[in-house]
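A.B. asks: Here the protein sequences come in this chain order: C and D.
Under numbering that gives the first Met the number 0, the first residue of the first sequence carries the number 0, and numbering increases by one thereafter.
Under numbering that gives the first Met the number 0, the first residue of the second sequence carries the number 0, and numbering increases by one thereafter.
Source of the hints: derived by calculation from the structure; they are not laboratory data.
Accuracy of the hints is not assured; some may be wrong.
Intra- or inter-copy, both count: the list cannot distinguish identical chains.
Calculated cross-link-like contacts (lysine-lysine; reagent style BS3-like; alpha-carbon spacing at most 27 Å) [stated by the list, open to error]:
1) Lys-127 - Lys-282
2) Lys-53 - Lys-282
3) Lys-64 - Lys-47
4) Lys-206 - Lys-61
5) Lys-227 - Lys-301
6) Lys-260 - Lys-282
7) Lys-188 - Lys-21
8) Lys-227 - Lys-271
9) Lys-127 - Lys-283
10) Lys-264 - Lys-64
11) Lys-36 - Lys-283
12) Lys-82 - Lys-108
2 protein chains.
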Amino acid sequence: MKYLVTGGAGFIGSHIADYVLKRGHSVIVYDNFSTGKKLFIEHNLKNKKFSLVKGDVLNTRKLSKAMSGVDFVFHFAAHADTKAGFLNHDVDHMQNLEATQSVLEAMKKNNVKNIAFASTSSVYGDAKVHPTPESYPFEPTSLYGATKAAAEGYIRSYASYYGWNAYIFRFASFIGERYTHGIIFDVLKKIKNGATVLPLFSDGTPKKSSVYIGDAIRGIFMVIDKVKKGEVNIFNIGHDGVLTIDEIVDTILSSADIIIKKKYKGGNRGWKGDNNFVHLDNKKLRHLGWKPQFSIKDGIRKTVAYLQKNPKLFG
Amino acid sequence: MKYLVTGGAGFIGSHIADYVLKRGHSVIVYDNFSTGKKLFIEHNLKNKKFSLVKGDVLNTRKLSKAMSGVDFVFHFAAHADTKAGFLNHDVDHMQNLEATQSVLEAMKKNNVKNIAFASTSSVYGDAKVHPTPESYPFEPTSLYGATKAAAEGYIRSYASYYGWNAYIFRFASFIGERYTHGIIFDVLKKIKNGATVLPLFSDGTPKKSSVYIGDAIRGIFMVIDKVKKGEVNIFNIGHDGVLTIDEIVDTILSSADIIIKKKYKGGNRGWKGDNNFVHLDNKKLRHLGWKPQFSIKDGIRKTVAYLQKNPKLFG
Chain C
0 MKYLVTGGAG FIGSHIADYV LKRGHSVIVY DNFSTGKKLF IEHNLKNKKF SLVKGDVLNT
60 RKLSKAMSGV DFVFHFAAHA DTKAGFLNHD VDHMQNLEAT QSVLEAMKKN NVKNIAFAST
120 SSVYGDAKVH PTPESYPFEP TSLYGATKAA AEGYIRSYAS YYGWNAYIFR FASFIGERYT
180 HGIIFDVLKK IKNGATVLPL FSDGTPKKSS VYIGDAIRGI FMVIDKVKKG EVNIFNIGHD
240 GVLTIDEIVD TILSSADIII KKKYKGGNRG WKGDNNFVHL DNKKLRHLGW KPQFSIKDGI
300 RKTVAYLQKN PKLFG
Chain D
0 MKYLVTGGAG FIGSHIADYV LKRGHSVIVY DNFSTGKKLF IEHNLKNKKF SLVKGDVLNT
60 RKLSKAMSGV DFVFHFAAHA DTKAGFLNHD VDHMQNLEAT QSVLEAMKKN NVKNIAFAST
120 SSVYGDAKVH PTPESYPFEP TSLYGATKAA AEGYIRSYAS YYGWNAYIFR FASFIGERYT
180 HGIIFDVLKK IKNGATVLPL FSDGTPKKSS VYIGDAIRGI FMVIDKVKKG EVNIFNIGHD
240 GVLTIDEIVD TILSSADIII KKKYKGGNRG WKGDNNFVHL DNKKLRHLGW KPQFSIKDGI
300 RKTVAYLQKN PKLFG
């Protein structure tokens with residue numbers, strides 16, 4: 000089998016590429032290195048089953064050329080800054096939805112019939128059911144969530160038109176090795192930059208759930224290996240646990256052995272369009288035999304340790 | 000109150016414009032006349048509370064200018080040919096999703112805080128629950144359904160960012176005066192063009208629901224008048240009844256006093272991406288006091304009568 004991973008030099012995409020190689024398959028990493036990093040793929044550069052194409056997903060012609068002979072596409076390239084859409088109404092549309100259109104067109108052209116897509120808990124918005132199951136309707140409150148939800152619908156349409164297999168994963172926050180954006184990164188960076196008081200969004204009360212990347216990758220491939228083909232399969236990947244922002248911050252600080260005064264600057268949401276309670280229902284994935292091996296706090300500790308070992312990631 | 004109706008010279012949009020005027024408000028019809036018709040608005044041209052802007056919704060600058068001083072936007076312009084997306088992957092994206100983006104940007108610029116949007120039963124795709132309630136997740140099987148679903152998400156995001164009131168209506172087929180596309184139109188046109196055998200998509204078994212336009216318009220304004228402001232309100236508008244395609248065709252033929260041999264050419268779907276059972280749950284709308292005054296067969300008869308009285312609509 001030959002796989003192509005868009006965003007394959009990014010946090011999650013590079014782990015997908017590693018896992019595909021570990022299983023003995025070939026992989027093409029397609030990445031524009033806007034947020035992807037050589038550091039995450041350099042250990043594979045001499046592997047004959049690995050190849051790298053530097054390109055933008057919106058360049059359908061280049062992507063289509065790279066997709067020649069591919070059996071399975073992991074479309075994991077995305078604009079992952081959930082905050083940005085409030086001030087820039089176009090960035091999520093281009094990088095999440097139009098990028099997905101480009102992937103679908105390139106697949107159609109190359110007759111690729113399998114796609115796995117990185118969606119998000121943000122499609123549920125301020126869900127009224129917690130933990131939130133896959134059957135909950137889309138109620139996005141941000142253009143990040145809306146464009147990921149939109150991309151799911153486009154993937155469903157192509158799958159219906161052409162009889163493709165589609166695997167859609169709705170992710171909670173993922174943390175662990177190669178993590179480069181989100182609250183753990185922000186907190187450590189502010190401290191590295193000399194903050195004496197730690198400024199924080201929200202009032203510390205929003206509740207979020209995170210999954211360690213190793214657990215997440217195992218879940219993704221468990222789905223692909225076990226579920227029935229010929230359907231659109233949707234799976235949440237989240238943690239049974241949930242922490243408040245304040246608990247997350249305290250865990251970051253204690254993992255890094257830092258004592259600093261916290262200053263919360265906001266209300267019960269981190270930013271316009273943020274959701275103040277994110278907790279995915281994992282029942283569907285658990286029925287396949289999955290469960291997370293690491294607690295959220297373990298995941299945070301591993302992430303802090305990784306970032307401390309790789310200070311150049313802070314730029 | 001000043002209203003703007005995109006697609007206001009179309010089938011449903013022109014009825015919205017009439018109703019707004021009847022209630023004593025001002026209305027601007029914004030239409031590019033790609034499928035809209037002068038015939039549907041000419042009775043209002045001398046009304047001082049009516050104005051017409053010929054323009055494309057994708058022309059954000061022109062739309063934005065037209066929206067000056069407007070309080071409420073009915074965004075009813077759309078690409079409504081659900082079949083077309085299979086062969087043309089771009090038309091629904093442009094005319095349903097990017098058109099909606101353009102409307103949202105023009106609203107933001109003009110500080111308009113109220114929007115009603117014409118969505119569709121197609122967002123549910125091949126729903127496994129019938130009748131299908133508003134809480135059913137999106138499972139579109141066509142780019143028509145996917146782009147309408149996507150537009151709902153974008154509207155939700157802007158409503159969340161800026162505190163707008165949004166009314167989203169998921170329509171079954173609407174029929175009645177000014178209806179110009181769909182099975183009733185196609186059947187009568189084929190006969191008008193001299194068919195001796197009536198060629199039909201599908202095998203006649205798909206089940207569909209239709210609502211008479213007068214009932215539908217009443218439902219739309221009942222929602223706007225009665226529901227709580229400051230939320231995103233979603234309402235199905237469909238009929239409790241449902242007919243097979245064969246029953247619909249027989250009703251068309253008997254209404255038009257035509258005897259002709261039917262020839263079904265397909266399987267249990269009319270086209271790639273079609274849904275073979277469309278039946279919306281109306282409970283939410285009924286709780287507001289709504290019920291359809293006309294049966295589906297009454298609606299078909301009224302539609303046939305209208306088309307026979309307006310043969311120039313067949314071009």
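A.B. asks: What hints, given by number in increasing order, does this structure fail?
C.D. replies: Violated hints (numbers, rising): 2, 4, 5, 6, 7, 10, 11; every other hint is consistent with the structure.
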